[in-house]
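*Asks:* Assemble the complex: chain A is given as a structure, and chain B must be docked to it using the hints.
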Amino acid sequence: MAMLEKGSPARETSFALMVNDERYRSVFYQIVAFALIVWCAWFLFTTTSHNLATRGMSSGFDFLGNTAGFAIAWHIIPYEPSDTYGRVYLVGITNTLIVSVVAIFFTTILGFVVGILRLSSNWLIAKLAAWYVEILRNTPLLLQILFWYLAVFSILPRPRDSLNIFGVFELNNRGFYMPSPLPGDLFWVTVLALLGAIVATIALAHHSNRKQASTGQRIPVLWPSLGMIIVLPLLVFIVTGAPLSFDYPVLQGFNFTGGTSVPPAFCSLLIALVVYHSAFIAENVRAGIQSVSHGQTEASYSLGLRPGLTVRLIVIPQAMRAIVPPLISVWMNVVKNSSLAVAIGFPDLVSVFMQTSLNQSGYAIEIVAMVMLFYMTVSLTISAALNVYNKSVQLKER
Amino acid sequence: MANTDATEVTFRPKPSLPPPPNTVGPVGWLRRNLFSTWYNTLLTAVALWLIFFTLYHLYDWGIAKAVFVADSRRQCLDTSPEGACWAGVFHWFNAFIYGRYPYAEQWRVNFSFVMLAVWMAPCWIPRVTGKIGIGLSAVLIFPFFAGYMFAGGDKGLFVQFMLSAAIVTFLSIWLHVACCLLTGRSLPATILSLAGKGDDTDPRVQRNILVGAFLVALVIVFAIQMPWELRDIPTNNWGGLFLTLVISGIAITTALPAGVVLALGRRSKMPVIRTASIVFIELFRSVPLITILFMAVTMMPLFLPETMVLNKLIQVIIAVCLFAAAYMAEIVRGGLQAIPRGQYEAAQSMGLSYWKMMGLVVMPQALKLMIPNIVSNFIGLFKDTTLVSIIGLYDLLLMLKAVSQNPRWNGLHTEPFVFGAFVFFIFCYAMSRYSQRLERTLGAGQARR
Chain A
51 MAMLEKGSPA RETSFALMVN DERYRSVFYQ IVAFALIVWC AWFLFTTTSH
101 NLATRGMSSG FDFLGNTAGF AIAWHIIPYE PSDTYGRVYL VGITNTLIVS
151 VVAIFFTTIL GFVVGILRLS SNWLIAKLAA WYVEILRNTP LLLQILFWYL
201 AVFSILPRPR DSLNIFGVFE LNNRGFYMPS PLPGDLFWVT VLALLGAIVA
251 TIALAHHSNR KQASTGQRIP VLWPSLGMII VLPLLVFIVT GAPLSFDYPV
301 LQGFNFTGGT SVPPAFCSLL IALVVYHSAF IAENVRAGIQ SVSHGQTEAS
351 YSLGLRPGLT VRLIVIPQAM RAIVPPLISV WMNVVKNSSL AVAIGFPDLV
401 SVFMQTSLNQ SGYAIEIVAM VMLFYMTVSL TISAALNVYN KSVQLKER
Chain B
27 MANTDATEVT FRPKPSLPPP PNTVGPVGWL RRNLFSTWYN TLLTAVALWL
77 IFFTLYHLYD WGIAKAVFVA DSRRQCLDTS PEGACWAGVF HWFNAFIYGR
127 YPYAEQWRVN FSFVMLAVWM APCWIPRVTG KIGIGLSAVL IFPFFAGYMF
177 AGGDKGLFVQ FMLSAAIVTF LSIWLHVACC LLTGRSLPAT ILSLAGKGDD
227 TDPRVQRNIL VGAFLVALVI VFAIQMPWEL RDIPTNNWGG LFLTLVISGI
277 AITTALPAGV VLALGRRSKM PVIRTASIVF IELFRSVPLI TILFMAVTMM
327 PLFLPETMVL NKLIQVIIAV CLFAAAYMAE IVRGGLQAIP RGQYEAAQSM
377 GLSYWKMMGL VVMPQALKLM IPNIVSNFIG LFKDTTLVSI IGLYDLLLML
427 KAVSQNPRWN GLHTEPFVFG AFVFFIFCYA MSRYSQRLER TLGAGQARR
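So the protein lines, in turn, are chains A and B. For what it's worth, the numbering used here labels the leading residue of the first sequence as 51, then goes sequentially. For what it's worth, the numbering used here labels the leading residue of the second sequence as 27, then goes sequentially.
A couple of the hints might just be wrong.
Stretch-level coverage of chain B by chain A, calculated; a stretch enters the list once three of its residues show a Cβ under 8 Å from a Cβ in chain A [said to hold, decoys possible]: (1) 106-119; (2) 250-259; (3) 292-306; (4) 438-444.
These aren't lab readings, by the way, just hints derived from the structure by calculation. These figures come from a predicted structure and were not determined experimentally. Just so it is clear, CB atoms sit at the ideal spot from N, CA and C, and this is done for glycine as well.
Excised from the complex, chain A in its bound form (with noise of 0.2 Å):
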């Protein structure tokens, strides 16, 4: 009551108009918010440069071209000391990348194999997985990524006495060592079957979809594309006279020479990052099996579908639905995780570029810009792919 009183027209001033009319007051709003923001950025400019000045820092990417004159450990890209800023930005994205990859094809495999482990009907194994999840969700990535470092990997034995895995890998305080496959002369048939395979059973699966809209039949398609793929690049392999060799590591003096071989660092980060992530992508799968109401396989049932089929033609279809997206985010999870690098001097992005580069030349600005641009593009890609996937799958209603 008292507000209608206070609020009559005759004291209406230009100023609580501004305030209490919704027209005006967004764009009163805005322009505040707009000055703010204003004020900010050139507050924020003039005491950069002004601090600038007075360091006697310089600015631009011009250091780019600069040589580094540092040496990284571990590079798959060719890299010298005498290289530029501009290569080691780019030794820093390949190694993130190259980690970021393999921890999320791991870490995707083992999820999955966890998350059904949840859902078994044997008590103890769902139990025994369930105890996996709740142990690695509640300690920090950063703890268990010092554990692998210092307490698993930091403690091997040297390479004279290093394990040996299935006879080919060796496992020793220098790092992990493994064959390198060295092609042949005619081995590129043997690629080139491998990839008509592929495309003859991508081709395959769209005509048995095709055929399977419009009368209903199945045409069996697991089988036939994986003797596809499998027995023809072999049959292929073995005509050409099996043209692949392999260079093993052999210890000579202190160390292993040939194979190729990771560093321990590379080791501990990919097995933290990939144990990690693992139990949750278990809970998505976990979360996304359940979230499949159960009438949907009662009615599977009714219609004479087999378990088998109902697992795969209900049920995996719609529980992915709901599991993409969060896997996506924790695939962009691994790659910015992979960031915690720098805590045991692996090289990735952040320890050679954010850390040694700038320490070195001080471009902290420009620095930490490009480090960011390569962080958001990543992750801008792979949200992108996910709004493309989401949009394919989304329940089409009304």
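*Replies:* The following block gives chain B in isolation, referenced to the frame of chain A:
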């Protein structure tokens, strides 16, 4: 009316037979859950072997062969080379909790945390009214008290004032609790009835009495606390679990309100405010926390005037808060999107203003809906605070790591990390359990039975 004709044959069911013996009791449970098929039996055997293997080695390493009392790692290794060296963890225990906080002053930390618990305790007493006010005061006023208790040093006029306000608030909360439990009336009502104005019709008289009582109490407390002075403890001595709790506590308490504001900004119809919110949220969500921390440490001194020098802890706290707010904003937005349009329209048709609609109708529902996500975000934030160790703040993780660099305990990695993992597990698991309980109690209205 029942038919009482004696000739009618009534149906009398025989008592049902008991279920077959192998489907009930422990045996039935075992058959159903562990040995239902041949492959389930196999899985059970594998799982049992796995459990036995893990537990046996854990017991062997952690208890049977462990050393609990020793002076150095050398001594541990001499006594039992294959067992755990818990002596190192015991030796460093105080440092894990308080970092390098001086031993004689550690009571201040303990006192503040106990004070917080006592401050918040009325929120869980059923008959107490005004719980939102108590919770808000713990968030808005207690930090000043705790801040002075932790840091100590010279008290400025502002700190003295806030310290007095905190003490008065704390005392009035517990007076209020006593009033609620004894008379069933709130503290303001009791004060008014003592002053004889309990049923005065003029609200201004009542308000003046309450404000007057508060001011009198404030002046008295102010005079009492004037001579108090605590030893100055600079923030680079703070560390351990205490520092972890300070950083994550501040981040968690600022994340929710800041996230609500950002989420509302993102859904606002005003383009300038919406764009600013979207840019902020997306920028902070798409980059790793560690880059934001590096940015805070390397760039904040460049952004600020030379006269303003922040210490590292404050830089880090600002960075973590900004990061937390962006994540919380997306969770709150998810909650807002889940509220049916009808709720907004109903609130508008009742003539509620924007803030009343949000505060009374939409936000409570949205936040309740998002409790699991909010708490898992809190848990994530608590775990993410360990990243401050990378830029050299001695939080719990860096204290755990520091053990192995000490000459006496050189190389002792595993045991401190196991201890740290256990501490983090306890905190995070407790949070997630509490959120599940909260979800059940608050969601009781929507539960399907």
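*Asks:* Taking the hints in turn, state whether each one holds.
*Replies:* Hint-by-hint comparison with the structure:
Note: the segment 106-119 of chain B has 0 residues with beta-carbon separation from chain A under 8 Å; the three-residue rule is not met and the coverage is violated. Only residues whose beta carbon comes within less than 8 Å of a beta carbon in chain A count, and the segment 250-259 of chain B has 0; fewer than three means the coverage is violated. Under the rule that three or more residues need a Cβ within less than 8 Å of chain A, the assignment of the segment 292-306 of chain B holds, with 6 such residues. Evaluation of the coverage hint for the segment 438-444 of chain B: fulfilled, as 3 residues show C-beta separations to chain A shorter than 8 Å, against a requirement of three.
In summary, the numbered hints that this structure violates are 1 and 2.
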